[in-house]
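Okay, so the sequence shown: first residue is 1 according to our numbering, each after it adds one.
No lab work stands behind these hints, which were simulated from the structure alone. Ideal Cβ positions, reconstructed from N, Cα and C, are used throughout, including at glycine. A few of these clues could be false.
Capping the alpha-carbon separation at 25 angstroms, the derived lysine-lysine pairs in PhoX-like fashion look like this [stated by the list, open to error]:
1. K133 with K69
2. K454 with K422
3. K176 with K125
4. K210 with K173
Each pair of labels, with its calculated beta carbon distance range [stated by the list, open to error]:
5. R106 with L5: 27 to 37 angstroms
6. G536 with L424: 32 to 42 angstroms
7. K242 with N61: 22 to 32 angstroms
8. G128 with E267: 36 to 46 angstroms
9. P572 with D165: 40 to 50 angstroms
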Amino acid sequence: MPVDLDKLNPEQRAGATQLDGPLLVLAGAGTGKTRVITYRVARLIETGVPPEKILAVTFTNKAAAEMRKRIEELSPGFGARVWVFTFHAFGARFIRENHAALGLPRFFTIYDASDQKKLIVESMKELGLEDQKSKAGLYVSLISRAKDDLLDAGSYEIHAMTSIDQSRQTAAKIYKVYQRKLDQAGALDFGDLLLKTCQVLRDNPELREKWQNAFTHMLVDEYQDTNHTQYILTKTLAAKHKNVCVVGDDDQSIYSWRGANIRNILEFERDFPNTKVVTLERNYRSTARILEAAGLVIHHNKQRKPKKLWTEAAAGDEIRVQELPNEAEEASWVVRRIQTEVEGGRSLKDVAVFYRTNAQSRSFEEALRRARMAYKIVGAVRFYERKEIKDALAYARVVVNRGDSVSLSRIVNCPPRGLGAKSLELVEEHAARHGLTLWDAFWAHGQIEGLGPKAHAAIEEMTKTFVKLTETAAAMPAGGAMALILETTGYWAWLESELETDPEAAGRLANLQELLNAVKEYDDRRKLDGQPSELGRYLEDITLQTDLDGYDESVPAVTLMTVHLAKGLEYPVVFLTGLEEGLFPIGGGNATPEDLEEERRLCYVGITRARESLSLTYAATRRLFGQVYANLPSRFILEAKLFGSAQREARPGAARFAPTAPALAPVAGAPAGLASAPSLRASVKGFKNGQRVKHPTFGRGVVADVSGAGETMKVTVRFDDGRVAKLLTRYAPLEPA
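Given these sequences and hints, build the entire structure.
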């Protein structure tokens, strides 16, 4: 049966029928790029190209499976013979077929991230770097990025020699030992799957000729996400026939942090002369209003190919922009809106909530639990199941109940305190032999044979710490007690010490800060209810909430995820949250132009996931590091020309407060975790440089700088007492003097 091209629009048909030579398909969000790829493959087969001569590469197993299925539907009996792989799956297939050229056994092992870290630790031990064991995660990351950039151990060493970064120089030494151990084990990590493939194709002319002849046509999906090794692999395999079609959207390039290079798609026409370009702009997903907002935002980027999405669909509902007083109220508002959608006939599975960082999920999880609404988190463990959160709660449980041996064994050497596995084994054996709890065995450590002086000293220090905490925490509210525990045990300081060396440390600290925020909000709720806040009661409440937290995949559930993970997905109802300067975009005014453009692309991705209903939310104040901070709304809301539609909600009878602090500075006198909506409206006044002004808290001063206008005006004031503050005039009670 001939391929029915009438099911394609003119642009899609052009992409599916331009079969020879290089082709760039710029496929905007929701424009049917997968359809173009699959119809193009079917058309190639129909014109006589053997399916075994076609290679289609994408990024996820799910996408590859879907592509394979659709090709088979269009070309029954032939589709299964097309080479459809992820990049890494192709690399594994290539290496298995050419293992001898690489000196590898036929059945080599592929190490995952956990295996990598263990081997890195072994390599560090061999180099006498045991004291840097806590940095193993950093070195895994550095070596993985080096392989993405096509740098083997020798090449990376040359690069590191010119770097002033000591971590890179150390990583170069570890890389050499690590790679030797991989080779000795007949093993590869994920980076090797592409690095070694590119190296063999580069260094072995016969193999290069063989594999270039193997495929007369090549297609690459999501080309904007390719890193350097994937770029080189594509160029090498397509170099002979030049029948290469790449499909992607530069406006959705959001993975530079893991090696992706937007230049690969922007400069494709330079790499392959005589490239034909097809631009897909007709969107089949979203309403016209959603597409208009997305277009207004992304138009501010300079590094992009011109395109403008359009649709024949109706304008659709207005986009909601909602300002909430704080992150707790933001989550509550979102949940109330979801309830309204459900009452209107929606299923929970129709709804997605996006946020910029994983730590933001906590407020939404708690609000959904309180509403007894099913949810699932994509790509991350639930907040209270994250390692650092479980560690912190384990500490708290031991403070409340020393008999909790499970919690004690979890944190006995976390952070490291000189109690190794052997020492812990001796203590556990003593406890079992004498029928003691683990705590009692530690308390009687002097009676345990085989423990060294270092272990005895560590146990003595640990038990004294817990005794002291038990005495002091009992008299404190839960929030203060939890903060004291993290400080006194050294857990917080331990993570802080890794900030410059471990790329995951910042995320763990952010999650711990969210835990402190949650406990402080618990304090505030108990106070409003006239009830005491106790650490033990808080732990009990958390346990009960977690018990109700099980998710059955057969039951519709709200989807929670970071915006990064949302690419490629779509939902009828989307909430894009936390749209505040400094959070989304992260870095705000301190971001580089390149980083800001990527943040804008990320916002574009979030907006274009919505099919019918889109809500943008931001918190006027957000608790950070135990303080309440006032926020500027994200520039992306302004760029989408939606700021004028922002709504502010106040519950009847709720208490109100008027923030008196500068933007991005603690709000003076703001009740922490307030459950009501504050009155945040203030007259927008005009100020100019050199003007004398007065502030009820800071006194009199002179305006040193003015930026922004209207509701986003900020002024820098040098007060007469020497203090300098940047104030958001929308909030600050600043008056002419």
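Status of each hint after checking the structure:
With a C-alpha separation of about 46 angstroms, the suggested pair K133 and K69 falls outside the 25 angstroms cut-off, and the hint is violated. Between K454 and K422 the CA atoms are separated by roughly 13 angstroms; this keeps the pair inside 25 angstroms, and the hint holds. Under the criterion of a C-alpha separation no larger than 25 angstroms, the hint pairing K176 with K125 is consistent with the structure, at around 13 angstroms. Proposed proximity of K210 and K173 is contradicted: the alpha carbons are some 36 angstroms apart, above 25 angstroms.
Hint check: R106 to L5, Cβ distance near 44 angstroms, so the stated range 27 to 37 angstroms is violated. Separation of G536 from L424 is about 26 angstroms and departs from the stated range, judged on CB atoms against 32 to 42 angstroms. One distance hint, 22 to 32 angstroms for the beta-carbon pair K242 and N61, holds here, with the actual separation near 29 angstroms. Distance hint check for G128 and E267: the Cβ-Cβ separation is about 44 angstroms, which falls inside the suggested range of 36 to 46 angstroms.
Distance hint for P572 and D165: a CB-CB separation of about 47 angstroms, consistent with the stated range 40 to 50 angstroms.
Violation of the numbered hints given earlier is confined to hints 1, 4, 5, 6; the remaining hints are satisfied by the structure.
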